[in-house]
Amino acid sequence: MTAPSEQKSPAPVEEVTLTIDGVEVSVPKGTLVIRAAERVGIEIPRFCDHPLLKPAGACRQCLVEVSAPDREGNVRPMPKPQTSCTLEATPGMQVSTQNTSPVAEKAQRGQIEFLLVNHPLDCPVCDKGGECPLQNQALDHGSNTSRFTGVKRTFPKPIKISSQIMLDRDRCILCQRCTRFQDEIAGDPFIDLQGRGGGTPGYEVHGLHAQQIGRFDEAILDYVGGETVTDDDSVGPMGEPALVSATAGNAGTVGPAAVDASGRPFASYFSGNTIQICPVGALTSASYRFRSRPFDLVSSPAIAEHDACGAAIRVDHRRGVVLRRLAGDDPAVNEEWITDKDRFAFPWQSAPDVLTSPLVRDEETGELVPTSWSEAVHLAAQLLTGATGGVGALPGGRLTVEDAYAWSKFARVVLGTNDIDFRARAHSAEESDFLAHRVAGASMDVTYGDLERSPQVLLVGLEPEEEAGTIFLRLRKGVLAGRVKVATIAPMATRGSTKMRAEVLPVVPGGETEVLTALAAGDSEHTQYAALAEALRGEGAVILAGERLGMVPGGYTALLKLVEATGARLAWVPRRAGDRGAVEVGLLPGLLPGGRPTAEAQARVDVAAVWGVDELPATPGRDHTEILAAAADGTLGALLVGGIDLEDLPDPALAERALAGVGSVVQLEVRRSAVTEHADVVLPVVPPTGKSGTFLNWESRPRPFETVLEGPGMSDAKVLDMVAEAAGTDLGTRTVTDTYAELAEFPGWDGPRHEAPAVEAAPTPELGAGRAVLATWRLMLDAGRGQDGEPHLAGTAHRPVAMLSAATATGIGLQAGGNVVLSTDTGRLELPAVLAAMPDGVVWVPQHSVGSSVYRSLGVGAGAVVALAPADSEVQS
Amino acid sequence: MADKRGRKAGSSSSPAPAKKSSQEVGAKGDFDVDGDLDKNAIEEFFAPVAGFGVTMASLFSPVVTEQYPFEKKPTAPRYHGRHQLNRYADGLEKCIGCELCAWACPADAIYVEAGNNTPEAQYSPGERYGKVYQINYLRCIFCGLCIEACPTRALTMTNEYELAGQTRAEMIFEKDELLAPLRSGMLAAPHPMVEGTNDDDYYRNEVDGPTPTQVDWVRERRPEDPTLDAAEAAARTRAEQGGER
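Sequences listed follow chains A and B, in order. Numbering-wise, the first sequence is residues 1 to 877 according to our numbering. Numbering-wise, the second sequence is residues 1 to 245 according to our numbering.
Calculated from the structure, these hints are not laboratory results. For each residue, glycine too, the CB sits at the ideal point set by N, CA and C. It cannot be assumed that every hint is accurate.
Which chain A residues stay away from chain B? Per the calculated CB distances, all over 12 Å, these [stated by the list, open to error]:
1. Leu221
2. Leu326
3. Glu615
Some residues of chain B that are not near chain A, with every Cβ distance over 10 Å (derived) [said to hold, decoys possible]:
4. Phe60
5. Ile147
6. Glu148
7. Leu179
8. Pro226
DEER-style ranges, computed between Cβ atoms [claimed, not checked]:
9. Gln134(B) to Gly634(A): 52 to 60 Å
10. Cys143(B) to Lys106(A): 38 to 46 Å
11. Glu148(B) to Lys152(A): 22 to 30 Å
12. Glu170(B) to Gly711(A): 22 to 30 Å
13. Val63(B) to Ser146(A): 54 to 62 Å
14. Asn144(A) to Ser184(B): 41 to 49 Å
15. Cys143(B) to Pro301(A): 34 to 42 Å
Work out the full structure, taking the sequences as your base and the hints as a guide.
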C-alpha cells in the first residue's frame, strides 16, 4: 500500500525521559504515562482509557505509584497512587506499575473489587462474555473472592435506547467511553451521565438516582408524569418486557426533523461504535443480542462496501453465516470508527432473495427456471454476440476494481462497444468529461490525513455525514482540534455541517456554479466570499466535490476553474464503493483503463496491445441514460446489466421501458431485483464477502480484501470470463491474480488527457407562485437495498421530512406542523414540513427514504422546479 | 461386585510368579522364554494336561457373563451417559444458551445458539435461553467437562448408555431429545416466570412449582397443552398448603 504522507512528522518534538519499572523510556512531550508504558511493553490495566478519546480518569483502574523530581531536583514520591491515563510523562519521573510496586498492585486489586461490587457478574448471559475487558482484567489483576456480601444495586433492564442499541445499567462501570465517543468524535451526545452516587441496593429507588448512563427519560428516571413504554421483543431478568427509552413523550420536545424512524429522538449514525468500545456488556446491539460467542466466531478483515470511504472492518462469522461486523483499526483511513451502516447493514448479502443458481427464461412458460452454468453461460454469450444493433453494458457502481476491469474489457473486446457506463444514478456529460479529465488515472493526492490538517476545506455537492461518514469524522476531528475550517456550498446548514462548525454558503440548487465562479474570481465584487476565497488560496486548502455536483450544469467547469485559480487540492468523492475504481478502469463511454481517452488513437493502441486484440471500438459510446433510451427505442439489441437498482436511476420508468422493450437482457446480480423480471439470462455473482478484490476509495487508495466466506459462487470477473470463453474470446480475468497481473501491464498514460468540460451555468429558474427548486440527496440510512433485512438499523434512520424556509412556507399558506405536498407532472410526494434557515423558494426532501422516493414519485432530481402546496388533510401525528 | 473381585484376584496373582521366573531365567539365558527348563519330572509329566486345571477351576467359579440386551444392569450412579437439559420445578428450562459447555468441550461435540426470551415466549428465567442445542454423540467422549462448565446446572448426564443409531445425523441429538421430560406438576414452557421472582431466585431453587397465574397464562394461549391439568393441581395444592412458594 502506498505510504500515506501523514506518516511524516512535521517538526521535531521535544522528548522527555522517564523510568517505568526501572526501564528508561523517551517519549514525546505530552505523552501519557499509560502510553509510555505501552512503548516498553508494560501493560497497565484500564477501562476508560482509549487512545482516540481524551483522558478521563473515570474508572481509576490504571493506578500506579509515581515519584517525580521536585523543584530542587530531589525525586519525591507522590502521596497517593496516580491514574496513569491522565498523567503526562515528565522528565525524570519514576513510575512503578503493578509489576514492581505492591502499592500499585493493591490499589488496582482494590479498584477491581470496587468495580465488581455492583457488577452483576452475569457473564454467561452477557454478549460481551469471552471478549470482555472487565472479565479479562478481573482475572489478571483482581482477587479471587470479593469481600462484598451486600445486595447489589440493580436497575430495570434492558433499555432500548434506540431500536438498535440496548443498555444494561447494571453492568455499566461508568467509564464514559460511550458518552465521550459520542461527544468528542461523533458529535451526537444522545447518551450522558445522569444522577449521582452509588444508588440503593436492589430495585429500590428512594428518590436518589444512582449515577448511570442513559438518555433523558422521565419514566426511567422515575420523574412524575413519565410514561413507561415497553418493547415486547426482549425481556429483563424478571421476565418483564424491555424498556424503551426516550420516546417522544418522555424526552422533552423534539421536532419531527430530529426524530428517527422508530419515533425516538435521532441518536447517531455512529452509535454502533459505543458498543464496540464499551469495556463491559452495558451496551449491546439488538441485532447481535445473544447470537453467538466470540469463541464461535471466525474473524476476517474486510472493507466496508456501503460507501466510498473504504473503512476497514472485521467480519465475524460462524459456519458460513456472518453474525456481526466490527470496526477494523486502520489509522490512515477510518481509525477505529465506522458508521452504523457499515456495521449493521450486512444481512443483504445473505437475504432470502440471493440468487444461487443461473436462471434462464423458459421459452414456453416465460418463467425463469434454474439451469446449469454451462447452459446459462452459452445462452448469455449467444444473446450478447447475436444481438442486432449492439449491446449496452450497465455495470453499476458497486464493483471491485478487478470486476470493473473485467466489465470494461468485456464490453470492448467481446461486445465491441463503448456503450458502457457505471453511473447508475443521476449523471451528466459534464461529469464524465470531468472524471476523464481530472480523476481517472490520477494517483493518490488528498488523503484523510490531509483533511485532518487542512486549514480550509470546501465541500461542494457533498454532505459528508450522510454520504461519506468517515470523511465527516475526520473533518470533525480536525475542526475540534482547531486545525481545520470547513465551508460548505449547500442549500442549508445540516446537522452534519453544524457539527463540523461549517461555514455554510447558502445556494439554491443549481447556484453552486455561481458561488464557485465567485470564489475563483476572489474579487471585491463578492465580499461575502472574500475570506473563504483567500483561505482557499492558502497552503493546504482542499476542495471535496461530491458526485452530486454532476447534476449542476457548469458545476465541474467552475470547480476546475476554481482549482486553477486558487491552487487548492481537489478530490472527487463519490457515494458508492465501486465508483472510483470504475473510473480508473474505464467504465465510462469515453474512457479506457488508466485515464486513457477513447478518442485518442494512441490510447486505443496501448490498450489493444495489452488486451491482445487488433483494435478497439473507436466510436464514442452512449452514457447510462442514452443506453437505456437506445434500448427502449430498439436501437440496441441487448442489455448486459450488473448490480443496479432501478430506484437509483434518474428515470426509473425509462429503465423499465428499456428492459421490457430491448431484445434480450442478461443480468449479473447478487440478489433478485426489478431487473430480474425482465432478464432472459440471470447469472448469479457473489457479494463482497464471497470474493476477494480491491475497492478504490475516494482517495484512490487501494483497499484490498480477501474472501471472507468461501463458497461455490463466482465474482463478476469470473462469470464474464466464462461468458467470453463461450463467445470464443479469452478475457483472462478468471482469478484476481490474473486480473492484477494484467492491470500491472498498463504503462502510465502520459498522452493527452480528455478535455476539461466547458459547460455554461444554467439560468436561474423562474419561480412562479407555489413553486420551489428541489434540493435533495440521499441519507445514510434510507430505503436502499443494501440495508434490507436489518429492521433494528432501519429504526435508527431519520424520519423523512421536507425542509423549507419560513417565507416559503408562508408563501404557500402552510400551517405549522402541517404536511407539504411536492408535485410534478409525474406524481406527488407528501411529507411533514420542517422550517429551516435556507434560501426562499427551495424545498429539501430526502432522495430515497422510506415513503419518499424522489425519482420515482416526481420524476425529477435536484435543481428541478416542483409545485408546492400544503396537504389538504389535517395535521398528522 | 463379587465377580469383579474374583476376576481381579485371579488376574493379578498369576502374572507375578511368571514374571519372577522369567527374571530368573533371564539370568540363565535369553532362550528359555517360558521357563520350562527348570521343571522337574512330575511337572513335565503333567505338563500336556496342566492347562485343563484352569478350565476345571473356572467351571466352579461364579459366572461373569452379562445377558446384556435381555437383562439390563444398572450402571454406577455416576456413570457418564447421555446428557440431559434440566428444568426448574415450574417447567422453565435451566439452559440459558451461554455456550460454556460448547467452550469446555474438548471434542467440539456441542453446538449452541442462544435466543432472546420475549414476554410471549419465555423459555428460561431471565433474558436468554438456548434456542438451538445439539450434541453430536459421534464426537462426544463423555468426559463431563460440559457438566462442570454449566453455570445453571442445566446440563447433567444421565446413566443412559444405549446410544446407537443408523445414520450420522441421527447421532446428533437435538434440544427436544436432550430436554428432561416434564415431571408431573411441571408446566410446559414457554410461559412467564413465577410472579415477583428474578433469574437469581430460580438459580437459588426458590421456585418449587408452577403458580396459578402461570397455569392461567398457558391455558389462555395453549388450552390443549397436556401438562395443564397436572400443573394446575400441583399449583392449587401448593397454594392451599400456604406460603407464597
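Going through the hints against the structure:
no. : hint                               : result
1   : Leu221                             : holds (22 Å)
2   : Leu326                             : holds (19 Å)
3   : Glu615                             : holds (59 Å)
4   : Phe60                              : holds (58 Å)
5   : Ile147                             : holds (15 Å)
6   : Glu148                             : holds (14 Å)
7   : Leu179                             : holds (19 Å)
8   : Pro226                             : holds (23 Å)
9   : Gln134(B) to Gly634(A): 52 to 60 Å : holds (58 Å)
10  : Cys143(B) to Lys106(A): 38 to 46 Å : holds (39 Å)
11  : Glu148(B) to Lys152(A): 22 to 30 Å : holds (26 Å)
12  : Glu170(B) to Gly711(A): 22 to 30 Å : holds (28 Å)
13  : Val63(B) to Ser146(A): 54 to 62 Å  : holds (58 Å)
14  : Asn144(A) to Ser184(B): 41 to 49 Å : holds (42 Å)
15  : Cys143(B) to Pro301(A): 34 to 42 Å : holds (35 Å)
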